[in-house]
Amino acid sequence: MSPITFDLQHQPHKARINMALLLALMIAFPFFASQYGNSWVRIIDLALLYIMLALGLNIVVGFAGLLDLGYIAFFAVGAYLTGLFASPQFAALLESLVYNYPVLGEWLVTLFGEEIRQNGIHLSVWAIVPLAALVAAFFGALLGAPTLKLRGDYLAIVTLGFGEIIRIFMNNLIDPINFTNGPQGINMVDPIRIFGVSLAGEAGSQSTVFVGGYGMPSVNAYYFLFLGLCIATIFITSRLQHSRLGRAWVAIREDEIAAKAMGINTRNVKLLAFSMGASFGGVAGAMFAAFQGFVSPESFSLTESIAVLAMVVLGGIGHIPGVVLGGVLLAALPEILRHVVEPAQIALFGEKLVEAEVLRQALYGLALVLIMLVRPAGLWPSPNKEERPNAALARDEEEEAKA
Amino acid sequence: METFVQQILNGLVLGSMYALVALGYTMVYGVLNLINFAHGDVLMIGAMVGLSILHALESYFPGLPGYLQLAIAILGAIPVAILVNVLIERVAYRRLRNAPRLAPLITAIGVSILLQTFVMAMPFWGRNPLPFPQVLSSEPIMIGGAMISQTQVLLLALAAIAMFALVLLVERTKMGRAMRAVAENPRVAGLMGVDSNRVIVATFAIGAALAAVAGVMWGANYATISFTMGVLPGLKAFCAAVLGGIGNIYGAMIGGLLLGIIEALGAGYIGDLTGGLLGSHYQDIFAFVVLILVLTVRPSGIMGERVADRA
Amino acid sequence: MSEILLNISGVNKRFGGLQALTDVAIRIERGQIVGLIGPNGAGKTTFFNVITGLYQPDSGTFELGGKAYSPSAPHAVARAGIARTFQNIRLFGEMSALENVMVGRHVRTKQGVFGAIFRHKAARAEESAIRARAQELLDFVGIGRFAHRTAKFLSYGDQRRLEIARALATDPQLLALDEPAAGMNATEKLALRELLVKIKNEGKTVLLIEHDVKLMMGLCDRITVLEYGKRIAEGLPSEIQKDPAVIAAYLGGAH
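If you read the sequences in order, they're chains A, B and C.
Final position of the first sequence in this note's numbering is 403; the numbers increase by one with none missing.
Final position of the second sequence in this note's numbering is 311; the numbers increase by one with none missing.
Final position of the third sequence in this note's numbering is 255; the numbers increase by one with none missing.
Rather than coming from a laboratory, the hints here were simulated on the basis of the structure.
A few of these clues could be false.
[To be verified] Ranges of calculated distance between the beta carbons of each label pair, as one might list FRET restraints:
#1 A:294 with B:223: 41 to 49 Å
#2 C:9 with B:304: 21 to 29 Å
#3 B:192 with C:155: 33 to 41 Å
#4 A:242 with C:70: 28 to 36 Å
#5 A:123 with B:153: 55 to 63 Å
#6 B:223 with A:123: 55 to 63 Å
#7 B:198 with A:8: 49 to 57 Å
#8 C:149 with A:11: 17 to 25 Å
[As the list claims (entries may be wrong)] Here are a few chain B residues that face chain A, going by a calculated C-beta distance under 10 Å:
#9 7
#10 8
#11 62
#12 64
#13 116
#14 120
#15 283
[What the hints assert, rightly or not] Away from chain B, derived, C-beta distances all over 12 Å, residues of chain A:
#16 43
#17 106
#18 362
#19 365
The structure displayed is predicted, hence computed values, not measured ones.
Glycine is no exception: its CB is placed at the ideal position from the N, C-alpha and C atoms.
Using the sequences provided together with the hints, build the complete structure.
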């Protein structure tokens, strides 16, 4: 019995203690790390967003067994939505719209007010987040729909295709109507504003956020927000896992034909998996856009989709604590390496022999290959065998053999 | 905008390269039921090796005729590509032959990344796009109002020769028969005395050789190569293989050429078709749209081989 | 007790060049155990697959409990009231026995995303009811003590029982079993027979494909015989045993 467990079902007492300890550590972390500058907290901020993505993808790949290689598209949807509705970008869109389709353009002005010509639309975070979740969920269903009858590897390639299609659109939707500003991306995305407090800090305060008289760096403020969102994601996905819907997902993963025979509407249940998974991606995307302050197509390539998949696979497909571990390792480690390894090489060898980017890629590649060869259930698989999808992946092979 | 004939010609050039790579995908899928996700990167390796050979020739044997240089480059790239592909099979895929099918796919993705990382890390290659030596004259040849370069003519010729050689191999030789047998039914083939491991290695080797040819000619045609050059063409070649009927060699050839033409025509006419809404930079989506259409409407592809889905 | 539960007629199914089923019909009264027998390749499982929506028939009329049902999709068939087991046991291997049966309750329950996330009173009540009923069914078929064992680690006979429990969880009007006794020894077959009688005594109707003629004769109220996709005989077990067409089909008459 491992001393570290988060299994509420089988070892509730230990799990609760572990969770409390971990939470305490996570809350204390930024205060400790701030001593060394902002970069460490910033790394974890981004890692938290990737963990959210990994948890969302875990619903699709881990619970339902659908290998989605285009998942980053939903991240892009959330980010670009935020870019469009919480920045000056809408003004640019409006300009191009008025130029090409004046009637539509003017109608939008009457709808939203004259100032959008100059400033664009700036929705608050309370509107953006649900909007991002909903629109991403819609795209999830849209992209999932054609894949419903496809077998494992074909499903993977088709979803990859969709991811690419979305990226290409994001990169090119600048003519005739400027939705995304093309390869340059969208700048000046609003930071998150909660109850009047901007998480980017007050102007002139060097990005310090003041909460109730107490000041903290902007990255710390975002840290707590993202931590909260991550915890909410873990909570929601865990609840989904241990529910009638979660069982239906696992049933489809294990044996789709038997699942159908038992009355599960596999089409709807699969679409739900895509939608729910996508919605987390969308929310993470919205946060990403606000945090960075800009959105560009480079952040949403196939490499990113594979990176998120690698986190899920490395950690333990289907097992939420494992996925979080995978996310931490693959999101934070490369950045940490960059901060450590490059200076170390210069100190030792006088030059950068191996670039950080190369290390990062190598890490991802090795993670995928070694895990599949040596420990396919992941670094931290579920102690309850029933949560592991290994047999499910074999089912397709049996189908083929019976053909 | 270019003439129709020009676009068809462009399409055939592009399609020939797709066909060469698609053959690799379809043959491996035929014997192993595996999508070798890393196959596009074998094309990239072929191009990189070709580049290095051409540089070496420039330094040590300057003044050689262009065709000879390319021939040497290709002949040099082929063994390296074969080695890489065979190694991948041996190290990454062989152990996973009986594993759940998604496992080899995930591993293949990892291998693809590692290949790219390797090229990225080599100082003589690196992360930046590299100019590919243009050893043939760039003076175009006119065919019926359309232009074609010598490089492109060579490309078409090499592709045709390679495909013809492959057909001969598959239809007339013992190894070819063995390959077809293993593709049909590996167990029974084994019972008939066919060593399926050897067949599989041969399949990977042949696919790699074809990809190497495509890689070097890609470099010669487009004059630039980079460590990511293989990803998208690889995926599109897979789409072409599905279009033609996965597992079927003739399907891969037809699918490749057809996809090339679709892309060329599509890029040319998409502006007109969509009333100016979409431009030619949307070219890359055609392959995926074709894939989705094929898998939805006629999953067995043009030649009607394997069924790609199961209800 | 003489109400017709399942009324199927005129079923034709062709696979490319092979006519798998020709004008097959079957009528089952409520509360009966009806057997479907025939040599290998006769089309028994194909017929099962057609009536449960796995294959689309070329023609046929389908009525369950007096109402027409469309065998267009397996999950709709389950909702209408036909539950089946499979010749090659299709359990959810990585799930526990209990969870397998809980999945069977899916079609009669309704909590969705909202209930999963918020676990409000109605959702919690439904979950408890599902769990309780699943345990009940496991006890009913005799493997209650294996509730938390992973399904793929159960013995062969227990896996068959589990599949039956899971099918029963859908509250079917008709239980369709595809060779439930396959691979069993004499003792296990006896236990299966007892279970099937128990199921019948609960008022369930059963349609059964089997090869063990002795088992069938002792168990079934009526038997239908298929050969080469056609129905060649139908009647009481005693009649079937003496039917010359049946005997010829099994022993090979003059061809």
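Hint check results:
no.	hint	result
1	A:294 with B:223: 41 to 49 Å	33 Å, violated
2	C:9 with B:304: 21 to 29 Å	35 Å, violated
3	B:192 with C:155: 33 to 41 Å	37 Å, holds
4	A:242 with C:70: 28 to 36 Å	34 Å, holds
5	A:123 with B:153: 55 to 63 Å	57 Å, holds
6	B:223 with A:123: 55 to 63 Å	47 Å, violated
7	B:198 with A:8: 49 to 57 Å	53 Å, holds
8	C:149 with A:11: 17 to 25 Å	19 Å, holds
9	7	20 Å, violated
10	8	24 Å, violated
11	62	32 Å, violated
12	64	34 Å, violated
13	116	7 Å, holds
14	120	5 Å, holds
15	283	9 Å, holds
16	43	21 Å, holds
17	106	21 Å, holds
18	362	5 Å, violated
19	365	3 Å, violated
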